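Each chain, letter by letter, is given below.
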Amino acid sequence: MSTHTDVDFDVKDPSLTRFDLVKEGARRDGVEIVHYAPRFPVPGTRAEKRVERTIAFMLVLSGLLGLGFVVAYIWWPWKYEPGNGLDKLYNPVLGITLGGSLFLLGIAIVTWAKKLLPEEVSIQERHDVADQAERALTGATILNMVDETGIKRRPLLKGALLVGAAPLGVAAAAPLVGGLIKKPDHILFETAWKPADGHKVKLTREDGSAVRPEDVSVGGQMTVYPGVPHGASNEHADSPVLLIHLREKDASELRANLKNVAVNAEDGGAIWGNFVAYSKICTHAGCPASLYEQQTNRLLCPCHQSQFHITDNARPVFGPATRRLPMLPLSVEDGVFVAKSDFRVPIGPGFWERP
Amino acid sequence: MKRRKFDVAALPAKAGGEIDDRLQVSAPLRRLFNKVFPDHWSFLLGEIALYSFIVLLLTGTFLTLWFDPSMEEVHYNGPYTPLNGIEMSRAYESSLQLSFEVRGGLIMRQMHHWAALLFMASIVVHMLRVFFTGAFRKPRELNWVIGVLLFWLGFVEGFAGYSLPDDALSGTGLRIAHAIMLSIPVVGTWVATSLFGGEFPGTVILGRLYIAHVLLVPAILLGLIAAHMGLLVKQKHTQWPGPGRSNDNVVGVRMFPGFAAKGGAFFMVVFGVIALLGGLFQINPVWLFGPYKAAVVSAASQPDWYVMFLDGSTRLMPPWEARFPLWPGHHYTLPPLFWPTVFLPGVLTMLPLFYPFIEARKFKSKQSHHLLQRPRDVPTRTSLGAMALAFYFVLMISGANDVLAEKFHISLNAMTWAGRIGLLLLPPLAYWVTYRICLGLQQHDREVLAHGMETGIIKRLPNGAFVEVHQPLSPVDAHGHPTELPYAGWVVPKKMNRIGALVPTVKGFFFPVEEAAQRTLPAEAPVSPAPSREGIGSGKH
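Protein chains in written order, with this note's numbering: chain A, 1 to 355; chain B, 1 to 541.
Keep in mind the hints are simulated off the structure, nothing from the lab.
Take these hints with a grain of salt, some might be off.
Residues from chain A shown here face chain B by an in silico Cβ test under 8 Å; the list is partial [to be verified]:
#1 Gly44
#2 Arg46
#3 Pro77
#4 Trp78
#5 Asn91
#6 Gly100
#7 Phe103
#8 Ile123
#9 Leu188
#10 Lys280
#11 Leu291
#12 Glu293
#13 Pro320
#14 Phe351
#15 Arg354
The structure displayed is predicted, hence computed values, not measured ones.
Cβ coordinates follow ideal geometry from the N, Cα and C atoms, glycine included.
Using the sequences and the accompanying hints, generate a full structural model.
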């Protein structure tokens, strides 16, 4: 900024007004104030008084609302209670008082700046042309740093530095990656329906009670969970199943179609009577594909609208899903539903290792 | 001993002197006060993002005092009776407690959510402003790059926050995020298993998202915002062309007091609007959604608005799965989910990151640009932007296609197909239409500069023809023809009241507070009065 200093300017000169000093300061900063005029050339006009009153009114109102916020925050009944008590208004009252107070304060200051501050046009020069001489000097300094280390003519040190620093870099990343990393193993291929110690897993409701064939009426459906501890909790998020009691016509259609999918047909077929059980976890992105359209015999996933045809082994008929919903092999033992085995294909969204 | 009188009025000057003696801050401080900022409404959009971020920090800090990201199963027992006895995670329980049992907790939660939506919205609109006016050009490419990163970081930050309360929508969103990770070729299962610490949902993911949401991502955001602002100050603001404005100067008001007052006031306004939204408009009522259960979902499960375009792309993706039978017994799968949720965001990050450099290469432009361009003057860029917007809107509408299908009684499948076809057809159409509009606007600007603006005054010529009187913008030559003005890259006045043809309105609300300005009428009216002539009759009187 040395180009802007002017030795002839005497800041102590008594004939200079304050604004002269302001202009000189601006000039030294590369700023020229080209237009500077009061908003109200004649002070004290009605129009000016009116602006002043408006701003003052907004400031006072803002203060009152701010006070109102504090009062409401402390004394308004805020504890939630069932019903339509005053506590339901607690949140709106806080919003109106706090929001109104801040909003009015902002508008008051904007009005002040726009209506009362002097009209101004200033011009500031840009100095964004890089100084080539400076660039050359700095460049030489940087290159000299490299020369000083002598790394170019000491290949041994160059190699040794590489050998020394690279493992340290890896070491920095190792705890983060190493601590987090976990092998996927079998978790994507197994669910809680896998028989443990030769015991087949029962189909249960959310409360853990077993499901009997007569519990589901014809054309009805029920969400069932594996009958294991915490079977209905998110601990077994891969296991929810939709049990459907098909009408006779639909059931015979499905029985005829069963052979189209080898895993569903093996071991005497995965359906039991007119009952079929499909994994609820969509094969697209894992949402529960659970909107059952009884008329069209389709299951719709509400997340991305994949649709599965129930009487055709849950073939995806629309939307982005590419795989059928896996069928849980059903059987009835002692009058309650059990899973003959785990799902015969992985459930849920696709992944690289999935065959 | 005479005691020196303590002069209060001299205190600030004296304190300032003491500080300057020690730090020598006079010159740099004055340079800051005198920094000139240009004024235009569109320059405020980025400020909204900054101010919402400050509100996010304030309200977010409040929320951390009560929120507990634990996934431990508990049974709710509290004032919100419909959920009493229900099994839920501790995270969800603490979200309920924040809403019902913490004084002012609900308004803080709602302000936090509204501020997040506003933060993303203002980033998007600010980016559009920067793109369509060419403010990203040299020397500001780096700031554009930081801006793109800020958008994606805000996206991640928002998604992490949305997942924390562990309500039904949070969990569904996380489940989809898990599926997206699984879809990555080769490493997908490893990535998902590592981040979730095993199976979905596991017990660690909320704790990890929490530390990302309250520390890691905000710290990076804060650093990038500081860099964004630092570069803005260093490189000075761009400005629209206009009288006295050139590529080598900035025309506006000095930072103090004018600009700073408006900036500070605008912060208050943004803060106030967020407080009003948080108090009056319900957002994310987690108690209505219930805790996340893997088997439960409802129709119209929608993410926050800024995620909707990716939801849309996922819905539109056709069921194209790639299978690789590499050798017997080893079959691999590339799920269709990979393309709209991993590949597309990758492209949508890379294209804008490199756009400033691609454009500079195409236009063979190497110098610095500080003057903004009107969108119509760069039809190629404007049309590309319109094309991107059309692409974005088709995806966004498709993200709500189930709701639209239900409300307007349209087939859901038809909505999906309309989206698929629209995604291919509308962007090129938008490009073509925008290009024509730009050229038309350019031509009209030139026309007005050459011939003057329309006055709305129709004149009948002696031969019976009608012509409109034009008001030239430049002096006329001997034949009364205006000399053509060059286009200056700025608004061309096209209406008579733009050049003072109307008397300024009288100020005041119901009652005038000033004298009406006297208008000096031109000596001769622009239209000569109709000559008196005989009445036209049937000729039979």
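Hint by hint, here is what the structure shows:
1. Gly44: Status violated, d = 13 Å.
2. Arg46: 5 Å, holds
3. Pro77: Hint violated; proline 77/A Cβ to chain B Cβ min 11 Å, cut 8 Å.
4. Trp78: 5 Å, holds
5. Asn91: 5 Å, holds
6. Gly100: 7 Å, holds
7. Phe103: This hint holds: phenylalanine 103/A lies near chain B, its Cβ roughly 3 Å from the closest one there, short of 8 Å.
8. Ile123: Since chain B brings a Cβ to about 5 Å from isoleucine 123/A, closer than 8 Å, the hint holds.
9. Leu188: 6 Å, holds
10. Lys280: 5 Å, holds
11. Leu291: This interface hint holds because 7 Å falls under the 8 Å limit.
12. Glu293: With a closest approach of 11 Å, the glutamate 293/A hint is violated.
13. Pro320: 5 Å, holds
14. Phe351: With Cβ-Cβ at 4 Å, under 8 Å, it holds.
15. Arg354: Nearest chain B Cβ about 5 Å off; hint holds.
The structure is inconsistent with the numbered hints 1, 3 and 12, although it conforms to all the rest.
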